[in-house]
Structure formats: structure tokens, C-alpha cells
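Q: Please construct the entire structure, taking both the sequences and the accompanying hints into account.
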Amino acid sequence: MLVYIVKRMLMTLVVLLLVTIFLSLLVQIVPGDPARTLLGPRATPELIQKVRASMDLDKPAYVQVGNFLWKVVHLDLGNDVFTGVPISRLISSALPHTLILAITSLALAVLVGIPLGVYSATHPDSWLDRLLALISISFTTIPSYVAGLFLLLIFAVKLHALPAMGLGNEGDTLDYLRHLTLPAIALAITWIGYLARLVRTSLLEVLNETYVRVARAGGLSERLVRYKYALKNALIPTVAVLGVGLGSLMGGAVFEEIIFSRPGMGTLIFNAIKARNYPMVRSGVLIVAFLFIFANFLADLAYTYLDPRIQINKRQD
Amino acid sequence: MQYVEKPTNRIGQLIDRLPILSDVLRQPLGALGFAIVFIFALTVIFAPVIAPYDFARQDIPNRLQGPSEQYWLGTDYLGRDLFSRLVYGSRIALGTAIPSVAIALSVGIFLGLIAGYVGGVLDNLIVVVMDSLQAFPSIMLSLAILALLGPSLTNVIIVIGLTWMPNYARVIRAQTLSAREKAYVEAERSLGATDRSILISHILPNVIAPALLLAAMDLPWVITFEAGLSFMGMGVRPPTPSWGVILSEGFNNIFQSQWPILWAGATLAVTTLGFTLFGEALRDVLDPRISGTRGL
Chain B
1 MLVYIVKRML MTLVVLLLVT IFLSLLVQIV PGDPARTLLG PRATPELIQK VRASMDLDKP
61 AYVQVGNFLW KVVHLDLGND VFTGVPISRL ISSALPHTLI LAITSLALAV LVGIPLGVYS
121 ATHPDSWLDR LLALISISFT TIPSYVAGLF LLLIFAVKLH ALPAMGLGNE GDTLDYLRHL
181 TLPAIALAIT WIGYLARLVR TSLLEVLNET YVRVARAGGL SERLVRYKYA LKNALIPTVA
241 VLGVGLGSLM GGAVFEEIIF SRPGMGTLIF NAIKARNYPM VRSGVLIVAF LFIFANFLAD
301 LAYTYLDPRI QINKRQD
Chain X
1 MQYVEKPTNR IGQLIDRLPI LSDVLRQPLG ALGFAIVFIF ALTVIFAPVI APYDFARQDI
61 PNRLQGPSEQ YWLGTDYLGR DLFSRLVYGS RIALGTAIPS VAIALSVGIF LGLIAGYVGG
121 VLDNLIVVVM DSLQAFPSIM LSLAILALLG PSLTNVIIVI GLTWMPNYAR VIRAQTLSAR
181 EKAYVEAERS LGATDRSILI SHILPNVIAP ALLLAAMDLP WVITFEAGLS FMGMGVRPPT
241 PSWGVILSEG FNNIFQSQWP ILWAGATLAV TTLGFTLFGE ALRDVLDPRI SGTRGL
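Protein sequences, first through last, are from chains B and X.
1 is the number of the first residue of the first sequence in my numbering; add one for each residue after it.
1 is the number of the first residue of the second sequence in my numbering; add one for each residue after it.
In case anyone wonders, no lab produced these hints; they're calculated from the structure.
Heads up, some of the hints might be wrong.
Pair ranges (Cβ atoms, derived) [said to hold, decoys possible]: (1) X:Ser178 - B:Arg178: 52 to 62 Å; (2) X:Ser68 - B:Ala61: 53 to 63 Å; (3) X:Tyr184 - B:Phe290: 44 to 54 Å; (4) B:Met165 - X:Ser68: 28 to 38 Å; (5) B:Gly66 - X:Val49: 56 to 66 Å; (6) X:Ile50 - B:Asp76: 51 to 61 Å; (7) X:Asn124 - B:Gly66: 20 to 30 Å; (8) B:Arg36 - X:Leu78: 31 to 41 Å.
On the chain B side, residues computed to face chain X include the following (Cβ under 10 Å) [what the hints assert, rightly or not]: (9) Met11; (10) Val15; (11) Val157; (12) Ser248.
Predicted, not measured: the structure shown is a model, and the values here were computed from it.
Beta carbons are placed, not taken as given, at the ideal position from N, Cα and C, and that holds for glycine.
A: Put into C-alpha cells, the structure is as follows:
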């Protein structure tokens with residue numbers, strides 16, 4: 001077990017390293033000069049040269065990669081070219097809002113999706129199960145930005161029931177939550193549908209296993225069998241995808257942040273792209289990718305802990 | 001003697017000849033999916049016939065109108081017919097999705113075959129690169145590359161192709177690994193066949209089916225991905241009527257008219273639902289072993 005965890009940790013570090021190298025090499029691979037695009041067509045050659053030097057673009061590729069890695073390891077992402085503010089400060093003020101949005105959405109998905117899946121699996125082929133099947137597959141397929149726009153249209157623009165923009169008044173928790181509601185629901189919808197389907201499939205599978213039938217034959221109550229024995233095992237795959245879920249919700253949050261004008265990593269990266277500020281884009285994407293990798297790593301650990309069989313399976317792959 | 005009546009109508013005969021399709025159509029959700037995909041295909045083919053107006057024709061006095069006899073679904077902020085724009089948008093959706101998936105598929109097959117067949121250092125290298133590409137949330141990887149390339153239809157196709165490619169490389173690699181050990185490959189090798197001919201004429205035909213199925217199931221995701229990028233202004237540029245562009249223009253005028261968002265959103269949602277229902281029914285028929293759900 002320990003060997004596996006250490007191995008997995010080393011793999012994660014290698015991927016982190018590669019992701020960082022990839023992002024710093026992207027400038028080399030993709031045609032164009034980020035300094036020139038950043039400054040626009042009227043910039044003087046001296047200014048372009050200065051900005052190129054500040055972005056390390058005048059040095060050979062391996063020096064660029066080395067410098068970037070060195071800075072990332074020291075948690076120094078440099079200063080923003082436009083404002084001079086340290087990029088790390090901009091990110092640390094944006095990141096919590098994205099994390100709150102992603103975690104709230106994931107919690108919503110768990111609280112709604114899992115009970116729906118359990119109901120479907122315990123009432124297979126009932127009319128409600130069929131209806132839920134259609135609803136959950138529609139939820140998984142509706143793009144999160146369409147869900148966001150529809151919610152915005154209905155609850156903010158038409159009904160004026162919930163606020164449409166921003167984070168709310170500073171220090172007012174209730175107001176913050178009111179502003180969080182619509183984006184969190186919009187972001188959660190896909191995962192509500194996905195978890196409902198996943199739990200239904202895995203619970204149905206477990207309910208047909210021998211040990212469940214033995215427990216039933218032994219006279220244990222259906223309630224005990226279903227919720228204590230079967231559900232516990234059926235939720236293992238669900239736990240495994242939650243880490244992936246958190247990561248992908250952090251990526252998907254960009255749409256909800258734009259639609260609901262919420263500050264966060266998504267809007268930070270989006271505005272940086274519009275301003276052609278590549279160093280900022282690179283740092284933002286790097287941080288989101290780090291968190292994504294970290295969430296996947298945690299999910300993997302949780303999975304190994306819950307289901308020790310996984311190690312043997314992995315070795316066979 | 002019992003006389004069993006054969007279906008005599010022509011559709012029945014046609015369905016009989018296509019056993020896979022008839023199995024799909026027997027499932028209610030599969031049939032619904034097929035119907036949506038079929039209508040979508042007809043729309044793509046007959047767009048100029050179906051659309052009552054040119055998608056760029058402006059009618060400023062009638063801007064941001066609701067549905068009417070003249071404009072069935074209403075008009076956008078330049079008075080352009082929403083129905084015609086959505087109809088032509090189907091061509092953009094498919095015209096982006098197919099080349100993107102084709103790029104992902106062909107590069108993925110190439111890398112997957114090499115990694116699985118050659119093995120060793122090259123295999124490890126390819127796997128590590130695929131791992132690090134997949135370590136990004138796909139939207140972030142696309143945004144990082146588009147930030148450098150700049151938004152355009154071609155760039156979106158390239159970026160989506162690159163973002164989706166590792167999935168295919170993985171599937172093909174895993175299939176190749178197991179096909180490599182099969183007796184018929186051993187036999188070919190002992191008869192003196194070259195690696196190239198083994199790969200192309202024996203391994204490829206045996207490993208390609210799951211990747212093709214994956215490609216079919218990926219089409220709706222790619223369509224929504226392109227529309228999402230275009231919605232952010234990072235994909236297809238206006239005035240091209242991508243569904244994402246229509247949504248984005250609707251978003252900018254959300255307080256004046258809800259119709260552009262409503263129709264474009266519904267079109268996207270129904271299209272992806274149709275493709276997914278059809279794809280899942282198809283998968284269940286073709287390969288009952290891999291049932292269940294797929295993530296994002």
C-alpha cells in the first residue's frame with residue numbers, strides 16, 4: 001500500500017513538472033510573439049525588446065524553462081506586465097471564489113445526485129425510474145453554460161428572485177450565498193445527472209452480487225441490506241470520480257464566472273486572454289492544472305483506501 | 001400450419017436489412033436519439049432550402065423581436081432571422097466537430113499504435129506526454145493554446161483535436177498491447193511479415209472499432225465544446241452563425257430579448273441529447289460489455 005502511494009506521488013510530481021515545462025514551452029511551439037501581441041502594433045522596438053527580456057523570451061528555450069520552473073518552485077509567478085502587481089497576489093484573491101463555487105457545486109451534486117441514483121436502483125423499471133433516466137441523461141448532456149444562461153434568464157432577469165452579477169456585498173455572508181446560488185446550481189447540473197446514473201448502475205450491480213443475496217436469504221431486513229451493505233460498496237466508484245469532478249468543475253467554472261460576472265480563476269484567465277496577457281494566462285492555467293492534478297491524486301488515494309483490490313488490478317494493466 | 005406474416009411496409013423491410021439500427025430503434029430512448037440526429041442531419045444537408053432567409057440578412061427596424069409569422073423564432077440584435085441562423089449554425093457545429101474528431105482520431109491512432117507495438121522507452125515517452133496533456137482540464141488547455149494562436153475556426157479545430165487526442169491514443173494503445181500478443185500476430189511474424197505490414201493489415205483493423213465508437217460518442221461533446229469557446233469569443237468569430245456566437249450575442253442583449261438565448265440554448269441541449277441517446281443505444285447494441293456512463 002505504502003509503496004503504491006509513494007509511487008503514485010512520484011508520478012504526480014512528474015506530471016506536475018511536465019505540465020509546467022509544457023506551459024513554458026508552448027510559447028516556442030505556437031507561432032507568434034507574445035510580447036508583440038501584448039503591446040500591440042504601435043509599440044517601439046525598444047519597448048518590445050524590454051518586455052521580451054522581462055518574459056525571458058530573448059533567452060534560449062532551456063533557460064526559459066529553467067527560469068520558469070525555478071520561479072514556480074519558489075511560488076513566484078512574477079509581476080503582471082500591466083499593473084505591476086505580483087501575479088501570485090492576483091491569483092490568491094481570485095482562487096478562493098472559484099474553489100467555493102466548485103466545492104458548493106460538487107456538494108449539491110452529491111446531495112441531489114446520489115439519492116436520485118439510489119431511488120432509481122431500488123425501484124428499477126418503475127415509471128419514476130424511467131423518467132429519472134431521461135432527466136439525468138438530459139442533465140449530463142446540457143452544456144453548463146446553457147444551464148447558466150437559462151437560470152440567469154429565468155431567476156434573475158424574469159423573476160428577479162436572485163441576483164445576477166458579482167459576489168454580493170463584502171462581509172455579508174447571506175448576500176454572498178444568494179449570489180452563489182445560481183452559478184453553483186448551473187455548474188452542478190451536469191454532475192447531478194452523472195452521479196445519479198453512476199450510482200444507479202453500480203448499486204444495481206452490487207444488489208445482484210452473491211453476498212447481498214446471502215444477506216437477504218439470512219433474513220436481514222431489506223433496509224439494512226440495501227443501505228448498510230450494498231450502498232457502501234456501490235459508492236466506491238462514486239468516491240473515485242469525485243476528485244475528477246472537483247477538478248473538472250474548477251475548469252467548467254470559467255463559464256459560470258463569465259455569465260454571472262463572478263471574480264475567480266475563470267474570469268482572471270478570460271480577461272487576461274482578452275488583454276493578450278500571456279504570462280498571466282500561463283500562470284492561471286498552471287494553478288488550475290495543479291489543483292486538477294492534486295484532486296485526481298486525492299481521489300486515487302481515497303479509491304485505494306476504500307477498495308484495496310484496485311492495486312492488484314492496476315498492476316495487471 | 002401457422003402462417004407468420006412478414007412486415008410488408010417498406011420502412012419495415014429497410015429496418016430488417018439493418019439489424020443494428022433496428023436494435024437501436026427498439027429502445028425508446030435510442031429511437032428518440034435517432035430521430036433527433038436524423039433531423040439534425042437533414043438540417044445540415046438542406047440548410048439553404050430550410051432557412052427562409054440568408055443568415056446574414058439584417059432587418060434593423062425589426063431587431064430583437066419575438067416569434068412572429070415573418071420570423072418564426074424571432075430576430076437577433078441586428079434583426080437577423082434566428083431560425084435561419086440556427087439552421088446554418090448546424091453546419092458550423094458539424095463542420096467543426098468532424099474535422100476536430102478526425103484529427104484527434106488519426107493522431108491518436110498513430111501514437112497509440114506506435115506506443116503499444118514498439119513499447120519500451122518510446123511507449124513510456126508517449127504515455128507520459130499523453131498523461132500531462134490530460135492533466136489539464138480540457139477547457140484550460142484549449143484556452144492556453146488559443147491565447148497564443150488567437151481565435152478562429154481553424155485554430156479551434158486544431159485545439160479541440162489536440163485536446164481530445166490523448167483519449168484515442170490511450171484506447172488504441174491498450175488494444176494494441178493485447179493484440180500484439182495474439183497468436184495470429186506471432187504467426188505473421190514467424191512467416192517473415194514486416195512490422196509495418198503487421199501493424200497496418202493485422203493490428204489496426206482489430207483495434208480500430210472501439211476508437212471509432214468513442215469518436216461517435218465524442219461528437220456531441222465536441223459540438224458543445226466549440227459552442228462554449230465561441231460563446232467566450234475564443235472560437236468561431238461573428239458574423240458566422242455558430243450556436244455559441246448566437247448565445248453570446250443573446251447574452252449581450254439579455255435584458256432586451258430572451259429569445260436568442262432560449263432558442264440557441266435549446267437547440268444545443270436537444271442536439272447533444274439526441275447524439276448522446278443515439279450513441280449510447282448504439283454502444284449498448286455493438287458492445288454490451290461497456291455499458292454505464294461516461295464523464296466529461
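Q: Holds or violated: the hint that B:Ser248 contacts chain X, with Cβ atoms closer than 10 Å.
A: With a minimum Cβ separation of about 5 Å from chain X (threshold 10 Å), the hint on B:Ser248 holds.
Q: Just to be sure I understand the hint, the distance between the Cβ atoms of X:Asn124 and B:Gly66 should be within 20 to 30 Å; is that true here?
A: 23 Å Cβ-Cβ, so the 20 to 30 Å window holds.
Q: For the pair B:Gly66 and X:Val49, does the Cβ-Cβ distance stay inside 56 to 66 Å?
A: Because 60 Å falls inside the window, the suggested range holds.
Q: Under 10 Å is the threshold here; is the Cβ of B:Met11 close enough to any Cβ of chain X for the hint to stand?
A: Nearest chain X Cβ about 8 Å off; hint holds.
Q: Does B:Val157 pass the interface check with chain X, least Cβ-Cβ distance below 10 Å?
A: This hint holds: B:Val157 lies near chain X, its Cβ roughly 6 Å from the closest one there, short of 10 Å.
Q: Does 28 to 38 Å hold as the CB distance between B:Met165 and X:Ser68, or does it fail?
A: Roughly 31 Å apart at Cβ, these two residues keep to the hinted range, so it holds.
Q: Lying within 53 to 63 Å: is that true of the beta-carbon distance X:Ser68 to B:Ala61?
A: holds, 59 Å
Q: Should the hint that B:Val15 touches chain X count as held when the rule is a Cβ pair under 10 Å?
A: The hint holds - B:Val15 has a Cβ within 10 Å of chain X, the shortest such distance being about 5 Å.
Q: Hint says 31 to 41 Å; check whether the CB-CB distance for B:Arg36 and X:Leu78 agrees.
A: Given range 31 to 41 Å: holds, Cβ gap about 33 Å.
Q: Determine whether the Cβ-Cβ distance between X:Ser178 and B:Arg178 falls within the hinted range of 52 to 62 Å.
A: Hint holds: Cβ distance 54 Å, inside 52 to 62 Å.
Q: Kindly confirm whether 44 to 54 Å is satisfied by the beta carbon distance between X:Tyr184 and B:Phe290.
A: holds, 45 Å
Q: Indicate whether the distance between the beta carbons of X:Ile50 and B:Asp76 respects the range 51 to 61 Å.
A: holds, 57 Å
Every hint from the earlier list agrees with this structure, and none is contradicted.
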